[in-house]
Amino acid sequence: MKEQRETILQAKSITKKFGKVTVLDDVNIDVHQGKVNVIIGENGAGKSTLMKILSGVYSDYDGEILLNNKVVNFSNPKEAMENGIAIMHQELNLIPYLSITANIFLGREITNQFGILSTNQMHDKVDELLKRLDCNLSPRTLVSELRVGEQQLVEIAKALLEDAKVIIMDEPTSAISDSEVEVLFKIIKNLKTQDVGILYISHKLDELFTIADRFIGLRDGKMVGIIEDVRNTGKEDLIKLMVGRNIENRFQKEILPIGDDLLGVENLNLIQADNKARYLLKDINFSLKKGEVLGIFGLMGAGRTELLETLFGLYPKLSTCKLTIEKKEVNISSVQDAILNGLALVPENRKEDGLVLQMDVSKNISMVSTDRVIRNGFLNKHLETNLARKYIDSLHIKLSSEKQLARNLSGGNQQKVVLAKWLANQPKVLFLDEPTRGIDVNAKNEIYHLISQLASKGLGLIVVSSELPEIMAISDRILILSQGKITGEFNRTSANEEAIMQAATST
Amino acid sequence: MTTVKSTLIKFQSIIALFVMCVVLIILSDKFFTVENGWNIARQISINVCISVGMTLVILTKGIDLSVGSMLALSGAVAAGLLKYGLEIPSMNTYVGFTVFGAILAGLAVGGGLGVFNGWMITNFKVPSFVATLAMLTIARGATMLWTGGFPITGLGDHFAFIGTGWFLGIPMPVWITVIVVILAVILTTKTKFGRHIYAIGGNESAARLSGININKVKIWVYTIAGILAAVGGIILTSRLDSAQPNAGMSYELDAIAAVVIGGTSLSGGRGSIMGTVQGALIIGVLNSGLVLLNVSPFWQQIIKGLVILLAVILDRLNYANED
Ligand SMILES: Nc1ncnc2c1ncn2[C@@H]1O[C@H](COP(=O)(O)OP(=O)(O)OP(=O)(O)O)[C@@H](O)[C@H]1O
Ligand SMILES: [Mg+2]
Numbered sequence: 000m001k002e003q004r005e006t007i008l009q010a011k012s013i014t015k016k017f018g019k020v021t022v023l024d025d026v027n028i029d030v031h032q033g034k035v036n037v038i039i040g041e042n043g044a045g046k047s048t049l050m051k052i053l054s055g056v057y058s059d060y061d062g063e064i065l066l067n068n069k070v071v072n073f074s075n076p077k078e079a080m081e082n083g084i085a086i087m088h089q090e091l092n093l094i095p096y097l098s099i100t101a102n103i104f105l106g107r108e109i110t111n112q113f114g115i116l117s118t119n120q121m122h123d124k125v126d127e128l129l130k131r132l133d134c135n136l137s138p139r140t141l142v143s144e145l146r147v148g149e150q151q152l153v154e155i156a157k158a159l160l161e162d163a164k165v166i167i168m169d170e171p172t173s174a175i176s177d178s179e180v181e182v183l184f185k186i187i188k189n190l191k192t193q194d195v196g197i198l199y200i201s202h203k204l205d206e207l208f209t210i211a212d213r214f215i216g217l218r219d220g221k222m223v224g225i226i227e228d229v230r231n232t233g234k235e236d237l238i239k240l241m242v243g244r245n246i247e248n249r250f251q252k253e254i255l256p257i258g259d260d261l262l263g264v265e266n267l268n269l270i271q272a273d274n275k276a277r278y279l280l281k282d283i284n285f286s287l288k289k290g291e292v293l294g295i296f297g298l299m300g301a302g303r304t305e306l307l308e309t310l311f312g313l314y315p316k317l318s319t320c321k322l323t324i325e326k327k328e329v330n331i332s333s334v335q336d337a338i339l340n341g342l343a344l345v346p347e348n349r350k351e352d353g354l355v356l357q358m359d360v361s362k363n364i365s366m367v368s369t370d371r372v373i374r375n376g377f378l379n380k381h382l383e384t385n386l387a388r389k390y391i392d393s394l395h396i397k398l399s400s401e402k403q404l405a406r407n408l409s410g411g412n413q414q415k416v417v418l419a420k421w422l423a424n425q426p427k428v429l430f431l432d433e434p435t436r437g438i439d440v441n442a443k444n445e446i447y448h449l450i451s452q453l454a455s456k457g458l459g460l461i462v463v464s465s466e467l468p469e470i471m472a473i474s475d476r477i478l479i480l481s482q483g484k485i486t487g488e489f490n491r492t493s494a495n496e497e498a499i500m501q502a503a504t505s506t
Numbered sequence: 000m001t002t003v004k005s006t007l008i009k010f011q012s013i014i015a016l017f018v019m020c021v022v023l024i025i026l027s028d029k030f031f032t033v034e035n036g037w038n039i040a041r042q043i044s045i046n047v048c049i050s051v052g053m054t055l056v057i058l059t060k061g062i063d064l065s066v067g068s069m070l071a072l073s074g075a076v077a078a079g080l081l082k083y084g085l086e087i088p089s090m091n092t093y094v095g096f097t098v099f100g101a102i103l104a105g106l107a108v109g110g111g112l113g114v115f116n117g118w119m120i121t122n123f124k125v126p127s128f129v130a131t132l133a134m135l136t137i138a139r140g141a142t143m144l145w146t147g148g149f150p151i152t153g154l155g156d157h158f159a160f161i162g163t164g165w166f167l168g169i170p171m172p173v174w175i176t177v178i179v180v181i182l183a184v185i186l187t188t189k190t191k192f193g194r195h196i197y198a199i200g201g202n203e204s205a206a207r208l209s210g211i212n213i214n215k216v217k218i219w220v221y222t223i224a225g226i227l228a229a230v231g232g233i234i235l236t237s238r239l240d241s242a243q244p245n246a247g248m249s250y251e252l253d254a255i256a257a258v259v260i261g262g263t264s265l266s267g268g269r270g271s272i273m274g275t276v277q278g279a280l281i282i283g284v285l286n287s288g289l290v291l292l293n294v295s296p297f298w299q300q301i302i303k304g305l306v307i308l309l310a311v312i313l314d315r316l317n318y319a320n321e322d
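Chains as they are written, first to last, in numbering that gives the first Met the number 0: chain A, 0 to 506; chain B, 0 to 322.
No wet-lab data here; the hints were simulated from the structure. Worth double-checking, as some hints may not be accurate.
[Said to hold, decoys possible] Derived pair list, reagent style DSBU-like, types lysine-lysine, alpha-carbon separation capped at 35 Å:
(1) A:K389 with A:K288
(2) A:K350 with B:K303
(3) A:K397 with B:K60
(4) A:K326 with A:K275
Just chain B, same shape as in the assembly:
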């Protein structure tokens, strides 16, 4: 009896996902098609990338509200450099960028912003909520400056391949996301660094007294979150063939939702990457299902909110049972 129950609890999100799919298959003949499947997977992939970074942050008992803005800025930087290159009038130089170079620059921007977040949080003891809230508006402002408020479009086929191309019958964004997820799972479960993330979230003071370099781990965690936001930004820019100044608005909310639905505790130290992936799948399937069923966008938001609440309540109940 208890084992049946605990298995149910363990696979609760998979079961929820399955039930949702079955319902959608019954209600819509467009849902269960290969095309729609890849469509959903491609849409979800960006959220998964961001959510993986968010999971690491939340495991250390932090939060990163700036992922949406970092995504926009790094996407815009990559697009801008690719299209216009870098002109430095004062030094009379012009640097052109290849696709690869532009992508690296975009990732560097994400990583740099992440380092800055981490530095504020560890060195100046700014609470992560505040530090990343500030970054949310700073990076958004910087995106507006960089783009002049207009989309940067026409980025060429090579760049478009990242977001729209296929490799071995699977869309590129899905490949990228799968690699990110695999690396993150290994990082969290198999490495010292991952162990330290859990220890810090579980009890920072004990972790410090055990000789764990808290600041170093935290700075890395925010840096990774920034880089992964940049990955999302590059996928998005490439898919749309355009860097939008307001790209990624409120993406942080979907990411936090995925993490929370996936069973990671906001009080740190408990949760997993695979949980988050399931959470992101649930949100993704829900989103696309509601669109397919022609549910009004207003209702979509309400339903999404209710699902988040439901997921967390279930999680709470399970843990209440445990102790």
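Okay, chain A solo, but in the shape it has when bound:
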């Protein structure tokens, strides 16, 4: 009887197909109130799809959804929201040039009898909501001025306004800093005491143990198990639930002989576009050898992404730098120059900067190396398909065919397509910006092995990551950036977490 009351939302025999592809196959899950219900599964297992069904994004599916034991069928997210189910997508859906209040009350504005907005009343209400979240932002702040973590709080506040009983969070921690994660977790704990049921998805297994109350495993669109006893569960158990077998989970890059000078960076400076007196990067000097993996670690805002982008020719007017490639001085003032000199950059945001979502996968893969799929001056379908298949196979990209649109791939597989696109051009130097963000354990391992393998072929790699264990596992050498300056350098023997964190927080 007690079980009955605890379950607030139930999915019964949910099956979802896209065309001929079955993405969810007879899935049953239940969401307990006042608990963090974690869904785990590999990339493409169907987690996001299931969440979209529960929150009314997809309304055609087989099976039933029960909310408080009543069958519901939401035709859109608004309806789901009104019934107490809110979703925080990984891509936040806020309007940048409106205030926090305007965003929270969007579509539900309070007006007086003349139809004029009761702004103060709404601000007060939002203020109260934000206070409940221990957040002291002003309700009048524009969303465009908020960091990603703060924007998430706004999404949560929005859910609270509707009195949400279930809040779905799809990879909420993939783009926020550690301190923001802490804030989020505190809020989640707080929501639990208010009997809200949380559905939580993440590929960061370590964080799950601090937050999860139960685990639900999805594999290839099927529900494969539930773990209720979190305390006696280890990382290996989770991996086994997701992947179906044990996998090697402690990666450490093997030490390989390192070759000649590949890339030399001297006196790199970058100034801010709208404030020329401010340096985003100052006096950066380092070098990279063939076969070397150089990790770059730093906190959010340290300038890691900007460093890669500057080297890649994105800010020719704002930056100065003396760059040598294979001991020859080169001038890179555009992305085209960078590519001609053998550089490649896998950007941090795959959807915004990596993929053309409405193009098929094969076209995305050949985007940079179009010349390789041209025969007699014209694009050649056959060559293009072959090129795509080669990388789909070698990177184990999960899809129904290379003609599938990039938008219809799961997050992790999209990331692999971006990687494929650059590998297809056979670069000499590969910059990877957060390469494993949103990628499952298994695929993470694959990417680590790939990095290692590319290095052994003589490529030089620069990897930016905000996950310290990851940086330590894959790098031969680690540079620490803090506020646009290099504040530390470690080789793999001298690297330890404490020293690195200290360098990353020093100024």
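Based on the hints, put chain B with the ligands in the right spot on chain A.
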């Protein structure tokens, strides 16, 4: 079931075209004649030329409102040069123009205006809507200046051949248009340049990071749109044997309509040349059908507007089904 549906969707504009033709054949005995067929084809050809350029622009997520004015100016320049040549009093020189030379000059004017559009849009980041709106009035003003506000007529038989002549039993404008369409289809589907157009429209930032020279591609796209507007202008001038100062007024609207009816998305990156050709056919058949049926011009405009809406709504529904 789903395959039947998806085939229906795929050939939706062809089906619409077919239905329209059948209705017109039933309602009017003048519609289904060889003469009328060529008539329609000739009328449509100008819109197809312009619409092909417009398609490229819209695929990059831009818009070109200046095609009608560019058409007028390049037609007028070609006509003026052909008839009067070029006199430069200060240098005391006079240059006469052959038909071929005048045509080249007209095309050069279209291309030049297109380059200017592209340059404004890429280099100064003027939104394409604004840049080409400005060009719409600039080029129209320039046409008025060049012609003094009066038509330039009497351009000779050689020039008239382009718009009114026949070759192998097919009107010249149709030949020109078919060649333009074939080249554009190859360009968009088979070349690197075409691929880059789609990539830019689909995600400009990803395209830039993939090493695509966005500015170069865009300038070319607006240049091609200008040249194709000039092609239309020359066909029109030749057909009428006269360059009218107000030629091509609001042609941009018919072109945009053809592109949109043909299923190209105004948000860029999705669409095709053949879609646009079908869209232009639908508009052309509609136009001439309504005239044949003696529908009042006022109603014609209303009906055309409704057809555009209907086409876009259908398109939306299809895409809503897809995801
Ligand atoms: N609109 C769609 N059309 C066709 N296939 C789709 C569509 N959306 C998702 N898929 C497919 O469904 C599968 C599951 O995708 P989903 O996004 O649910 O995975 P996920 O478990 O969230 O993965 P990740 O951890 O990478 O985010 C994938 O193989 C994907 O290719
Ligand atoms: Mg997902």
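Report task. Would you list, in rising numerical order, the hints stated earlier that this structure does not obey? Result -> 2
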